[in-house]
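J.: Protein sequences, first through last, are from chains A and B.
Per our numbering, the very first residue in the first sequence carries number 1; after that it's consecutive.
Per our numbering, the very first residue in the second sequence carries number 1; after that it's consecutive.
Mixed in with the good hints there might be a few duds.
[As the list claims (entries may be wrong)] Here are a few chain B residues that sit away from chain A, every Cβ distance over 10 Å (derived from the structure):
#1 19
#2 85
#3 246
#4 257
#5 367
#6 446
#7 471
[As the list claims (entries may be wrong)] List time: in silico DSSO-like cross-link candidates among lysine-lysine, alpha-carbon distance up to 27 Å:
#8 B:370 with A:275
#9 A:148 with B:103
#10 A:151 with B:148
#11 A:316 with B:316
#12 A:316 with B:318
Simulated from the structure, these hints should not be mistaken for laboratory data.
On a predicted model such as this, the values are computed, not experimentally measured, just so you know.
Virtual Cβ for every residue (Gly too), placed ideally from N, Cα, C.
2 protein chains.
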Amino acid sequence: MSQSTTNYVYADGNGATATRRNVAIVGAGPVGSLAALNFARMGHEVQLYEYREDIRKAQLVQGRSINLALSQRGRKALAAVGLEQQVLATAIPMRGRMLHSVKGRTSIVLYDPCNNQCLYSVGRKRLNELLLDACDAFPNIHCHFEHKLVKANVREGRLQFRLGREKQKMKEQEQQPEQEQLISASADLIVGCDGAFSALRQQLVRQPGFNYSQEYIGTGYLELCIPAKDNEFQMPPNYLHIWPRDSFMMIALPNQDKSFTVTLSMPFEVFEQLKTQQQLLDFFRTHYADALPLIGEQQLIKDFFKSRPQHLMSVKCKPYHYMDKALILGDAAHAMVPYYGQGLNAGMEDLTLLNSILNQQLPLDVALEKFTESRWRDAHAICDLAMYNYVEMRDLTKRWSFRCRKWLDTTLFRIFPNQWVPLYNSVSFTSMPYSQCIANRQWQDQLLRKVLSGTIVLSFLVAVGAIYVRRLR
Amino acid sequence: MSQSTTNYVYADGNGATATRRNVAIVGAGPVGSLAALNFARMGHEVQLYEYREDIRKAQLVQGRSINLALSQRGRKALAAVGLEQQVLATAIPMRGRMLHSVKGRTSIVLYDPCNNQCLYSVGRKRLNELLLDACDAFPNIHCHFEHKLVKANVREGRLQFRLGREKQKMKEQEQQPEQEQLISASADLIVGCDGAFSALRQQLVRQPGFNYSQEYIGTGYLELCIPAKDNEFQMPPNYLHIWPRDSFMMIALPNQDKSFTVTLSMPFEVFEQLKTQQQLLDFFRTHYADALPLIGEQQLIKDFFKSRPQHLMSVKCKPYHYMDKALILGDAAHAMVPYYGQGLNAGMEDLTLLNSILNQQLPLDVALEKFTESRWRDAHAICDLAMYNYVEMRDLTKRWSFRCRKWLDTTLFRIFPNQWVPLYNSVSFTSMPYSQCIANRQWQDQLLRKVLSGTIVLSFLVAVGAIYVRRLR
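Just chain A, same shape as in the assembly (with noise of 0.2 Å):
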């Protein structure tokens, strides 16, 4: 199989004219698949490539994740495909988080008291398989499933696939079995939306001038479940459940079918240390004693035996793309640590960004240079965000100088709704760049240490006043 390579022209719904590229998608995840139905609507002739299996097709989803949480900037990217309102059917909205204390008690901070504004629990399954019959509806859009990328030559469009086990044994019949079948294509552009370990990234990371790093975190994370009972959420399920304990912590999310997906974050020596079964249920009973019955003593031993904790990792990049001919987008660009619920909507982002820079008319390498140039602080102010998150919510929900802080941040923000949005909210329910938000916090701070400052030498004055005066007296 070989696509073959034709630039023609065309007249798009302006009545300008466009070039009209093969442009091939590695990955049909929530951004690849976004990205195909964005060149699509642009009229360009999309080839999507995917190394699983069609998700449609699939009982369990091998992905890391089985819920997401969705926000403003997500949001906004399905509403340019038309998909905003048919996601939120079926998505849980989570109006604050929820803490729970080591003796079970429950606390509320929400996300957004004034204007009631929501983070959404996403199925990942839901959400990929809207999209891709999204991508069904296009005569343009072209889907090959279990495709792995194994070669690519940007400079010249070339891409050698791997087929997955059920195709490569339907070829192996043909052909003879001891010879590797790769399948070749080219494409005049390849975006690669192939995840945090990108097959693609991974050959642009050898150009001279391509900036990259990864680093890992001492932290690793196991996925455990809150099953339903008696097919009622165990839980109240418009939360954001957290269990903070200062090195690790613990984090639950809602499922369309009343279960929770729980996250347990911890340093890898603490993981280490929980050896027995018996150590497993002290730890919990120390640390997790409302969760424990919750979870099941007997399901928490399985699934905490059953893998091993997993890395996570932050990686950043710059330039995003080589001339005309290659893009990485989303995760494969600006994986993160998830303690934002940012990963996906800043993947979607992207594509909001890179169609308002197609949408100019550049010469296609001006305009990736463009997005590069428009992307990268952004991107890698969320990558810090995200750190930065870790440690607030596993420390800092606890502290009562967080709260204060909160409790500020939220008062002033009721009275001056635009002058004074808080980092939470203007990360999560803003389209703001990620990197206004962390400068616009920054602002916030200074303008609260003077006004303490302030405040102190007032009161300073004020009792020195008042003792003058008394002596007067």
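Following the hints, complete the assembly by docking chain B onto the known chain A.
T.: Here is chain B on its own, set in the frame of chain A:
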């Protein structure tokens, strides 16, 4: 061809027993061949693979730079294998920097006016030849040239090499030409000394927990030459010549054949402005007027337009090992920009440290873990220092404040030769860990700041006192 993996026990020189391993070293440059010597001396069976042809038979060295600055750390590592004096015998000592002003005036800044220590300009080819000749003397070192590593399975200790052009041709006459002939090998330990773009590191980068960054600088470099004239050097040979010009610079190191290798470092934008021969000559007449007649106008034009400026990259990793299976050393582990002349020295120092750890007879995985832990801070530090020295060389060397500090450092060094070692001297002429060199400099900066502010306060007090006394009179 396939080497079998056999661990067997042998008695070392001290009568103790140690495991004799099959060690595959990838890369037979100065660090790789030095590593081969070190492992062979410990009694291991060493396979040394190099993708280029044997440098001793090569006419032209394809390497990046034909001369290298050897200093204390490299000398120490060479001394440990008995080669220091042989290398120094054909090296050219450089006693300091000779600075060339725009007007062609020269001034000298000695590296070490106290102890007269020098850097040594050594030919890469000569150094490599001496090391390979030494390898030939060991029956347990087996060299394999024109073997390019294409695949490595570090977990299972398997390697695959593609043969060089000549060997490939010989093979093809026996085999079917359409099937690519790969050479397989196995090893207990794979050591990657294969440079900044290390193929072995590409495998390690995929391992969970492997932190990695590559950072390109916006500066490119291009090599020129000041040839010998009447079989004599055209400039004083015993200096590293520098033409500092703020945002760009040029340096020259002496060669054995009485030529100088000249390296022009400039932002890529500046390179791009020099499109025509006239533009190039005008640029040199303005900025490097004294060097132009030495290089020769026609030769400059030829060399400048022959090749594009090369990128410069800084690489940081952690860890440097994978269990007891793989290890990276030298540029593969910590490539740096070339402005401290420490790239080779740091690579060779890796082996000094590795030896001292391996001699502790720890289990190999523990020893390699200890190597990573003992080395990464210093490797990161020298990468940062090299970046800093670029600023110093192109910019600071011209400034009054820099020269003033240099004078102060030298004076204090003369008075307190053991207590006040300037940064450059501690890096180049001692074996002080690089991170400690930086800490040492920070301590000096702090002390000088305190003394300076103390002096100002004291002067003020003396002045006030003088006025007061005068009034009393």
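J.: Should the label of residue 367 of chain B as a non-interface residue stand, given a Cβ cut-off of 10 Å to chain A?
T.: The claim holds: residue 367 of chain B sits with its nearest Cβ about 21 Å from chain A, beyond 10 Å.
J.: Please settle this one: residue 246 of chain B was flagged as non-interface, so is its CB more than 10 Å from every CB on chain A?
T.: Residue 246 of chain B is indeed farther than 10 Å from all Cβ atoms of chain A, at 23 Å.
J.: Checking the smallest CB distance to chain A, is residue 471 of chain B really beyond 10 Å?
T.: holds (34 Å)
J.: Keeping to a limit of 27 Å between CA atoms, is the pair of residue 148 of chain A and residue 103 of chain B held or broken?
T.: Given that 27 Å is the threshold and the Cα spacing comes to 61 Å, the pair is violated.
J.: Grab the minimum beta-carbon distance between residue 257 of chain B and chain A and tell me whether it stays above 10 Å.
T.: Consistent with the label, residue 257 of chain B stays out of reach of chain A, its closest Cβ about 31 Å off (over 10 Å).
J.: If we take the beta carbon of residue 85 of chain B, is the closest beta carbon in chain A still more than 10 Å away?
T.: Fine: 39 Å to the nearest Cβ keeps residue 85 of chain B off the interface.
J.: Residue 151 of chain A and residue 148 of chain B: Cα distance at most 27 Å?
T.: Holds, because 18 Å separates the two Cα atoms, which is no more than 27 Å.
J.: Mind verifying the non-interface call on residue 446 of chain B? Its CB should be farther than 10 Å from each CB in chain A.
T.: Holds, because the least Cβ-Cβ distance between residue 446 of chain B and chain A comes to about 27 Å, which exceeds 10 Å.
J.: Taken at face value, is the distance from the CA of residue 316 of chain B to the CA of residue 316 of chain A at most 27 Å?
T.: OK: residue 316 of chain A and residue 316 of chain B at ~14 Å, within 27 Å.
J.: Next pair to validate is residue 370 of chain B with residue 275 of chain A; report whether the Cα-Cα distance is within 27 Å.
T.: holds (25 Å)
J.: Are all C-beta atoms of chain A more than 10 Å from that of residue 19 of chain B?
T.: holds (27 Å)
J.: Has the given pair, residue 316 of chain A with residue 318 of chain B, been kept, meaning a C-alpha gap of at most 27 Å?
T.: Since the Cα atoms of residue 316 of chain A and residue 318 of chain B sit roughly 16 Å apart, the hinted pair holds (cutoff 27 Å).
Comparing the model with each earlier hint shows a violation of hint 9 alone; every other hint is respected.
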